[in-house]
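Those protein sequences? They're chains V and C, same order as listed.
Heads up, the first sequence is in full-length UniProt numbering, so the first residue is 1 and it goes up one at a time.
Heads up, the second sequence is in full-length UniProt numbering, so the first residue is 1 and it goes up one at a time.
Rather than coming from a laboratory, the hints here were simulated on the basis of the structure.
Among the hints, a few may not be true.
[Claimed, not checked] Residues of chain C clear of chain V, computed beta-carbon distances all greater than 10 Å:
| hint | residue |
| --- | --- |
| 1 | Ile52 |
| 2 | Arg65 |
| 3 | Ala69 |
| 4 | Ile112 |
| 5 | Arg294 |
[As the list claims (entries may be wrong)] The following label-pair restraints were derived from C-beta to C-beta distances:
| hint | chain 1 | residue 1 | chain 2 | residue 2 | range |
| --- | --- | --- | --- | --- | --- |
| 6 | V | Arg74 | C | Ile207 | 34 to 42 Å |
| 7 | C | Gln50 | V | Pro141 | 48 to 56 Å |
| 8 | V | Arg74 | C | Ser298 | 48 to 56 Å |
| 9 | C | Ile219 | V | Phe93 | 53 to 61 Å |
| 10 | C | Ile135 | V | Ile127 | 57 to 65 Å |
| 11 | C | Arg294 | V | Arg187 | 27 to 35 Å |
| 12 | C | Tyr200 | V | Leu202 | 53 to 61 Å |
| 13 | V | Ile17 | C | Tyr336 | 41 to 49 Å |
[Said to hold, decoys possible] Which chain C residues face chain V? A few, computed with CB under 7 Å, are given here:
| hint | residue |
| --- | --- |
| 14 | Ser48 |
| 15 | Gly70 |
| 16 | Phe72 |
| 17 | Phe77 |
| 18 | Ala85 |
| 19 | His87 |
| 20 | Ile88 |
We put the beta carbon where it would ideally sit given N, CA and C, even for glycine.
In case you want the letters, here they are:
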Amino acid sequence: MKNLILLELHKLRFPIIFTLILGMIASVVLCSTIYKSYALEHQLEVWEVGFTFFNFTFPLVAVLPTCWLLYFERKNEFVKYTLPRTSKRKYLFSKWIVIAGSASLIMFCISFIGVVTALYIIPPIEIIYGWISPDTDEPAPSLIHFHFAAELFLEKPLLYGLLLSIWKGLVCGVVATMGFGFSLFSRNLFVILTGPFIYMLLDNYLMQMLAFDALRLYVAFEPTSELVENISILSFLVGPMLALL
Amino acid sequence: MIPLYINISLDVLSIFCIIYLVGRDKISLNLHLLKWFLFLWLYCYFDSLQWIGQENFIIFPVQSRAAIAGLFVLILFINSFIMKASHIEIVFLTLFVYVIWFLIRLASMTWIDFAGWSETLLPLLTVGISLTVVILEMTTFKQYLISELTSFVKIIIVCVFGLLFYIVLTSVNQQQLIISPALITFIVIVLLAVFCWMVYEQRQSQIMRNRLKVIEEYIPIIDDLVAEVRSRQHEFSNKLLAISSVLHSSENMDQARLEVEKYIENVQLTKGQYELLNMDHKVIAGFLYTKMKRAEQSNIVIKIDRSVPVDSLPCEDYDLIEILGILVDNAIEACYGGESIVIKFHKRNARYELTVSNPGEYISNDQFMQFFKLGYSTKSTYSKDRGYGLYNVQQIAKQYNGKVIARNEQMSEMMVTIGVQF
Numbered sequence: 001m002k003n004l005i006l007l008e009l010h011k012l013r014f015p016i017i018f019t020l021i022l023g024m025i026a027s028v029v030l031c032s033t034i035y036k037s038y039a040l041e042h043q044l045e046v047w048e049v050g051f052t053f054f055n056f057t058f059p060l061v062a063v064l065p066t067c068w069l070l071y072f073e074r075k076n077e078f079v080k081y082t083l084p085r086t087s088k089r090k091y092l093f094s095k096w097i098v099i100a101g102s103a104s105l106i107m108f109c110i111s112f113i114g115v116v117t118a119l120y121i122i123p124p125i126e127i128i129y130g131w132i133s134p135d136t137d138e139p140a141p142s143l144i145h146f147h148f149a150a151e152l153f154l155e156k157p158l159l160y161g162l163l164l165s166i167w168k169g170l171v172c173g174v175v176a177t178m179g180f181g182f183s184l185f186s187r188n189l190f191v192i193l194t195g196p197f198i199y200m201l202l203d204n205y206l207m208q209m210l211a212f213d214a215l216r217l218y219v220a221f222e223p224t225s226e227l228v229e230n231i232s233i234l235s236f237l238v239g240p241m242l243a244l245l
Numbered sequence: 001m002i003p004l005y006i007n008i009s010l011d012v013l014s015i016f017c018i019i020y021l022v023g024r025d026k027i028s029l030n031l032h033l034l035k036w037f038l039f040l041w042l043y044c045y046f047d048s049l050q051w052i053g054q055e056n057f058i059i060f061p062v063q064s065r066a067a068i069a070g071l072f073v074l075i076l077f078i079n080s081f082i083m084k085a086s087h088i089e090i091v092f093l094t095l096f097v098y099v100i101w102f103l104i105r106l107a108s109m110t111w112i113d114f115a116g117w118s119e120t121l122l123p124l125l126t127v128g129i130s131l132t133v134v135i136l137e138m139t140t141f142k143q144y145l146i147s148e149l150t151s152f153v154k155i156i157i158v159c160v161f162g163l164l165f166y167i168v169l170t171s172v173n174q175q176q177l178i179i180s181p182a183l184i185t186f187i188v189i190v191l192l193a194v195f196c197w198m199v200y201e202q203r204q205s206q207i208m209r210n211r212l213k214v215i216e217e218y219i220p221i222i223d224d225l226v227a228e229v230r231s232r233q234h235e236f237s238n239k240l241l242a243i244s245s246v247l248h249s250s251e252n253m254d255q256a257r258l259e260v261e262k263y264i265e266n267v268q269l270t271k272g273q274y275e276l277l278n279m280d281h282k283v284i285a286g287f288l289y290t291k292m293k294r295a296e297q298s299n300i301v302i303k304i305d306r307s308v309p310v311d312s313l314p315c316e317d318y319d320l321i322e323i324l325g326i327l328v329d330n331a332i333e334a335c336y337g338g339e340s341i342v343i344k345f346h347k348r349n350a351r352y353e354l355t356v357s358n359p360g361e362y363i364s365n366d367q368f369m370q371f372f373k374l375g376y377s378t379k380s381t382y383s384k385d386r387g388y389g390l391y392n393v394q395q396i397a398k399q400y401n402g403k404v405i406a407r408n409e410q411m412s413e414m415m416v417t418i419g420v421q422f
């Protein structure tokens, strides 16, 4: 099993490393630039506004580097050659571990480098309060009232960023699993590579039409995209569970 | 005010027109297109519903950056189902679709701006221009466009796509573009001029490449034919001596005639070889020689009946070779050993005809029409990649304002004749 995983990693090392480096550079650049045109209250918000590009492209980041391989191995019948040497279950399982694992790792690194950039590389932001408190009629901090996990976000931003990056990595792993599922059966490469992204778009529209906005996969990946009072544990579980189904 | 669903329908229609324009040789028009049309329409409609009154991108039928990325991926996804092309080609064709659609959209916007028309006319004008471009391409400009994209064109497409995408994304504003319409008009005109030049240049270089390719491939073959004839005639003087001896040693004229005929038989060219050596077009002669050799292996004879010079056919060599190749290969596949195939080059009613006939049973007009449909094959049980040959013949004929011919003919036996009339 270990050898199979190493073999898969060997086959996919260049696309994984390429995506990882490109994604991290993009994350640093976006987090260093986009915040300038926003009125922000907290340093970590730099990461939130800079990361929006990845919030809707994460299904592509999850599947593009890795999920094409099984399609081509099926097409050139390489998979058949592996059967006398190892069991199909083991071979596919090792593939899934590498695909889901690399997607999780890539997204975690891209996200966490954004957190580090926002907290330690970007110069301290000029804090602007845009919310008018109804009690004082004066501009006041709004994050404590309206932000997801506000206390953690305000008091331990690094831990908040770390935990959310790990979670984003896990969701990305789930989406990569969906791409892996497509690559097992689909004969169209574009279905494999864009299928999870299109699924996310459809999930977005359908859930909004059915008034289940808080249960979207998009919300599971980025919980701050929905009003904090609508977020519950289900917001984190339903989207990924539906994707897995 | 035009209702949203009509606006979206017009926008999606214009996108499909451009998809058809770009992938014209790779798309078969059928009901599946309607399914994808509906799919794209639903996507654009549901996205636009959420942004009524606060549109960000009037240039797009969707209104958020995520939805624009989604639109691009969806068109890529749809193209992967409706176009018969390689993966990488589909990606570039999709980019090309976007580029052309952007240009038409930007041109429509600036036109509306200059004319002072209402912005509600934008989708209508876009679809009008798109349909005009498709019709012009089908009727007037088809011969100037080729479907294969060279590396140079691919690079240009990516660059132009990047530039236009940048213009569009940075022009996000309520109801209007930040960039001056005059600047956009200038960019659109320059890009259109570059595209026209590029397409023309590409067409010319493609023609030259194709000509060189067929010349390099088939001229050496005609040399083989000459060598074969020479090898059979190099003992010509010996044969003359032998004939002379036969005449002297024969007891009567009948015996002499018989003996001489026997000797001459080995020296004479076959009718096919004679026709090929006298053909005015060496490339076509070389090509037909290869087909004759192939047919010989199956004990099939190819006869050539030519009353006009091959050069007079108003068709490029490589297209003529493709037509002949498809027709002759089909005829060989339809023949049994011992049968004959007839290739005719004739002029009939002031039009040139190239036909290939092979023995076969009577075929109805409906069946003949089926032959020329994309994906139809009488041999489809063996492979799914069949049914392109006669469709391609029809497409080439259309390029030269010609038409395909299919008829049953009673010669020495019932023959099925398929060909092209220029």
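Right, here's what the structure says about each hint:
| no. | hint | verdict |
| --- | --- | --- |
| 1 | Ile52 | holds (14 Å) |
| 2 | Arg65 | violated (8 Å) |
| 3 | Ala69 | violated (6 Å) |
| 4 | Ile112 | holds (30 Å) |
| 5 | Arg294 | holds (30 Å) |
| 6 | Arg74/V with Ile207/C: 34 to 42 Å | holds (40 Å) |
| 7 | Gln50/C with Pro141/V: 48 to 56 Å | violated (30 Å) |
| 8 | Arg74/V with Ser298/C: 48 to 56 Å | violated (37 Å) |
| 9 | Ile219/C with Phe93/V: 53 to 61 Å | holds (58 Å) |
| 10 | Ile135/C with Ile127/V: 57 to 65 Å | holds (60 Å) |
| 11 | Arg294/C with Arg187/V: 27 to 35 Å | holds (34 Å) |
| 12 | Tyr200/C with Leu202/V: 53 to 61 Å | violated (42 Å) |
| 13 | Ile17/V with Tyr336/C: 41 to 49 Å | violated (60 Å) |
| 14 | Ser48 | violated (11 Å) |
| 15 | Gly70 | holds (5 Å) |
| 16 | Phe72 | violated (10 Å) |
| 17 | Phe77 | holds (5 Å) |
| 18 | Ala85 | violated (11 Å) |
| 19 | His87 | holds (5 Å) |
| 20 | Ile88 | violated (10 Å) |
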